[in-house]
Amino acid sequence: MKKTVLVLLLLMLLLTGCRRYAGILPYAREIEDMELIRTLGVDGAEGAGVAITASGDRAQEETQVVSGQAGTISAAVLELQGEGSSYLYFGHVTQLLLGEELARRGVMPSLNYVLRDVEMRLETALYLVRGGTAGQAIEKAAADGSATDRLEALADDAGLTANSMPRTVKDVLAELDRQGASFVPAVLADGGLTAAGYGILKDGALVGWAEGDAALGVNLIFGKVDADVVEVQAPDGAKAALRVVGAAASVGPVWDGDRLTGLKVHCEVDANLAEGSAMPDEATLSALEEELARVEAERMEAALALSRTLDADYLGLRASAAFRTPWRKTALLGSFSMAGLKLEASARAVIQRSYHADG
Amino acid sequence: MPDDRISLRQLLTLTFAALLSPAIQVLPGLTARRAGVGGWLATLAALPVLLGLCWVLCRLFRSGLPETAVETLGPAAGRGLCLLYLVWGVWLLAANTRQVALRFLTISYRNSPMLLFLLALLGVTFWLVRKPVRALARAGEVFFLTLTVGLVLSLGLGAFQVDLVNLLPVWVEDLSAIGWATLPVLGLLGYVVFAACLGGNVVPEQEGGRRVLRWAAGLCLTLTALQTVCLGNFGPGLAGRMDTPFFMMVKGIGFEGTFQRIESVIIALWVLSDLALLSLLACACSQLARTAFALKERRHAVLPVVLAAAAGAIWLFPDAFALDRALEGPVLWGGIGMGLGIPLLLALVKVCTGKK
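Listed in order, the protein sequences are those of chains W and G. Under my numbering, the very last position in the first sequence is 359; numbers go up by exactly one each time. Under my numbering, the very last position in the second sequence is 356; numbers go up by exactly one each time.
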């Protein structure tokens with residue numbers, strides 16, 4: 001018994017961390033010696049290499065930005081480790097930015113890195129930097145705050161602006177597997193990381209942008225509209241502001257016999273009268289609803305036009321249609337192509353109420 | 001062995017806890033690769049087979065698989081069959097120990113040799129198995145309770161992130177693929193045969209048959225829930241590319257602002273399932289060795305079994321890729337043959353020869 005206790009006590013010496021380099025137990029790291037990386041940027045570099053830019057936590061007085069360059073992301077990340085005085089920990093990365101040039105080359109190596117790396121998470125929000133590099137975006141944002149703060153604010157306000165929505169690495173990887181195409185919110189490489197619509201990915205590479213009405217249409221189709229304001233003209237010529245507070249879209253297939261010829265997207269839009277006559281008559285209300293439905297249908301048409309032009313089902317229309325007609329799933333899901341399909345959008349708007357200060 | 005009896009409930013809880021360890025390796029990755037969005041139905045499709053297997057094991061193997069083999073086939077052939085199962089069991093023990101040690105290594109972010117984890121696992125397994133079976137069964141109950149809490153919590157939170165487009169639509173044309181996807185599930189259920197090796201220690205119960213069938217249905221429903229949540233989170237393509245979709249799913253859940261890294265707790269809890277599996281295999285192997293080599297006591301076989309498994313874990317698999325290939329190929333196909341095929345044949349022989 002005494003011998004057993006003695007052996008156990010000796011074995012416990014291995015757990016103390018005193019023999020840190022004994023090669024048996026994992027390294028012990030003190031939290032104060034670690035720099036928590038929150039935003040990671042990946043750009044293309046010379047000779048098919050990659051450049052990595054990382055910025056730290058907002059809790060620190062000054063946002064530290066480090067960068068490295070190598071042939072692969074793993075090697076570039078290792079180079080970053082040698083740059084700062086602390087150990088860089090990537091387990092808290094919440095945003096991944098990809099530069100436009102790298103995205104055109106292909107996003108899969110970056111997304112697969114997130115998938116396979118033990119510290120990174122698939123729930124990391126993904127952004128494309130339009131007309132610039134992720135490094136520029138992170139550096140400029142760090143000059144007055146941090147990229148993390150800006151992107152978190154952007155994600156929080158996405159429903160209000162109705163032309164952007166946060167997307168995770170998981171969303172994009174799953175969609176690229178399922179429908180061969182996806183979309184990612186885009187930001188500009190300015191200090192404020194301004195929202196710039198969506199980048200459309202097809203076969204793992206950036207092929208186009210959805211901006212303006214098309215970006216608004218994407219949000220409508222996905223029902224990501226919390227408080228968008230649409231300005232329309234009332235029958236009496238006055239301007240009215242309609243606050244769109246909800247949208248629900250459905251996709252239906254159009255058949256010619258057994259052949260899929262098109263897809264129809266219909267959206268039910270809920271809105272409130274924010275500005276204009278406080279008590280509109282029925283004819284005025286009906287005219288406002290029709291006008292709103294027309295505007296929203298046009299926005300969705302713009303998003304659908306991109307799908308047809310780029311031949312990319314980035315909105316997942318085929319999968320949505322297969323939900324309604326599962327007995328036709330082979331015809332609907334047997335291909336990713338949108339070429340030759342007639343894509344139509346329609347909307348019906350309902351104005352529920354007006355706003356009054358007295359409730 | 002009047003002083004080493006366990007209840008049927010204890011054996012079933014230990015087996016349930018043990019099956020969760022290989023389940024998260026196999027499901028839903030392998031089923032998704034075969035059946036796409038319909039992969040989550042594979043465990044339900046396998047339910048009739050599991051019910052049949054449990055019925056056979058419960059009705060015809062009451063004295064345990066080793067004793068039944070000797071009774072049915074005679075001493076020589078019976079011991080030969082036990083030896084075959086022993087070799088299979090030790091190989092499974094080696095493969096699973098290596099797999100679990102590899103997982104510990106990955107999680108600890110370190111590229112050091114895995115020998116420490118491997119020996120620690122087998123050391124604890126040895127400590128659990130060399131005691132009477134009732135001690136292991138008691139530990140199994142604690143493991144089961146802890147794992148159930150962890151599983152319910154993680155699946156409950158993971159369910160909020162399920163996207164139905166990853167699970168539907170499933171239509172008639174998917175049925176053949178779903179049938180094909182039951183093969184890995186059946187391979188996984190092949191581990192149940194090692195629980196049958198401990199049948200001789202179980203106190204007979206009047207309602208034992210019903211309890212076993214209820215357990216089988218509960219197991220299939222739990223595995224279906226596991227598949228539904230994991231597949232619903234990632235979709236078949238992404239889940240098929242992951243090593244352990246369940247842990248990846250757990251990485252994405254947590255209580256915002258309070259307890260966001262829930263995966264650390266869940267992954268740590270799964271060590272209990274790993275230990276339950278290794279202990280069940282080691283215990284069953286020692287029982288098989290006792291019959292095969294006519295040993296006086298089961299515990300005399302424990303050390304050789306554990307040492308053989310340690311040697312196998314160290315030398316049989318040159319790298320993680322070979323281990324993955326083994327776990328996705330021979331282990332599953334062998335599980336179907338050894339876990340379902342041979343017990344059914346043995347039951348058939350027993351019925352045909354009229355032995356009770």
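Be aware that a few hints might be false.
Stated by the list, open to error - Now the stretches of chain W that chain G is said to cover, found in silico as 3 or more residues with beta-carbon under 8 Å:
1) 248–258
2) 323–337
To be verified - No more than 20 Å apart at the CA atoms, straight line, and that leaves these computed lysine to aspartate or glutamate pairs for DMTMM-like:
3) G:Lys251 with G:Asp163
4) W:Lys264 with W:Glu298
5) G:Lys251 with W:Asp281
6) W:Lys239 with W:Asp171
7) W:Lys342 with W:Asp311
8) W:Lys342 with W:Asp258
9) G:Lys251 with W:Asp117
10) W:Lys224 with G:Asp163
11) W:Lys202 with W:Glu152
12) G:Lys131 with G:Asp4
13) G:Lys251 with W:Glu301
14) W:Lys140 with W:Asp171
15) G:Lys251 with W:Glu123
16) W:Lys239 with W:Asp281
17) W:Lys224 with W:Asp203
Since the hints were made in silico from the structure, they are not lab data. Since we're looking at a predicted model, the values are computed, not measured. Think of the CB as a built atom: it goes at the ideal place given N, C-alpha and C, for glycine as much as any other residue.
Each hint tested on the structure:
Figure legend: the region 248–258 of chain W, annotated as covered by chain G; annotation inconsistent (0 residues with Cβ-Cβ distances under 8 Å, at least 3 required). Counting residues of the region 323–337 of chain W whose C-beta lies closer than 8 Å to any C-beta of chain G gives 5; at least three are required, and the coverage claim holds. This hinted pair checks out: G:Lys251 and G:Asp163 have alpha carbons roughly 17 Å apart, not beyond 20 Å. A distance of roughly 13 Å separates the Cα atoms of W:Lys264 and W:Glu298; the hinted pair therefore holds under the 20 Å criterion.
A distance of roughly 54 Å separates the Cα atoms of G:Lys251 and W:Asp281; the hinted pair therefore is violated under the 20 Å criterion. For a cut-off of 20 Å, the pair hint linking W:Lys239 to W:Asp171 is broken: about 39 Å separates their Cα positions. For the hint pairing W:Lys342 with W:Asp311, the CA-to-CA distance comes to about 12 Å; that is within 20 Å, so the pair holds. For the hint pairing W:Lys342 with W:Asp258, the CA-to-CA distance comes to about 15 Å; that is within 20 Å, so the pair holds.
The hinted pair formed by G:Lys251 and W:Asp117 meets the criterion: a straight-line CA distance of about 12 Å does not exceed 20 Å. Straight-line distance between C-alpha atoms of W:Lys224 and G:Asp163 comes to about 16 Å, which keeps the hinted pair within the 20 Å bound. Among the hinted pairs, W:Lys202 with W:Glu152 is inconsistent with the structure: their alpha-carbon atoms are about 26 Å apart, more than 20 Å. A C-alpha spacing of about 10 Å is found between G:Lys131 and G:Asp4, which places the hinted pair at or below 20 Å, so the restraint holds.
With a C-alpha separation of about 38 Å, the suggested pair G:Lys251 and W:Glu301 falls outside the 20 Å cut-off, and the hint is violated. About 28 Å separates the Cα atoms of W:Lys140 and W:Asp171, which puts this hinted pair outside 20 Å; it is violated. Distance check on the hinted pair: G:Lys251 and W:Glu123 sit about 9 Å apart at the alpha-carbon level, within 20 Å; holds. For the given pair, W:Lys239 sits about 15 Å from W:Asp281 by alpha-carbon distance, which is consistent with the 20 Å threshold.
Using a Cα cut-off of 20 Å, the hinted pair W:Lys224 and W:Asp203 is violated, with the two alpha carbons roughly 25 Å apart.
Violated hints, listed in ascending order, are 1, 5, 6, 11, 13, 14, 17; each of the other numbered hints is respected by the structure.
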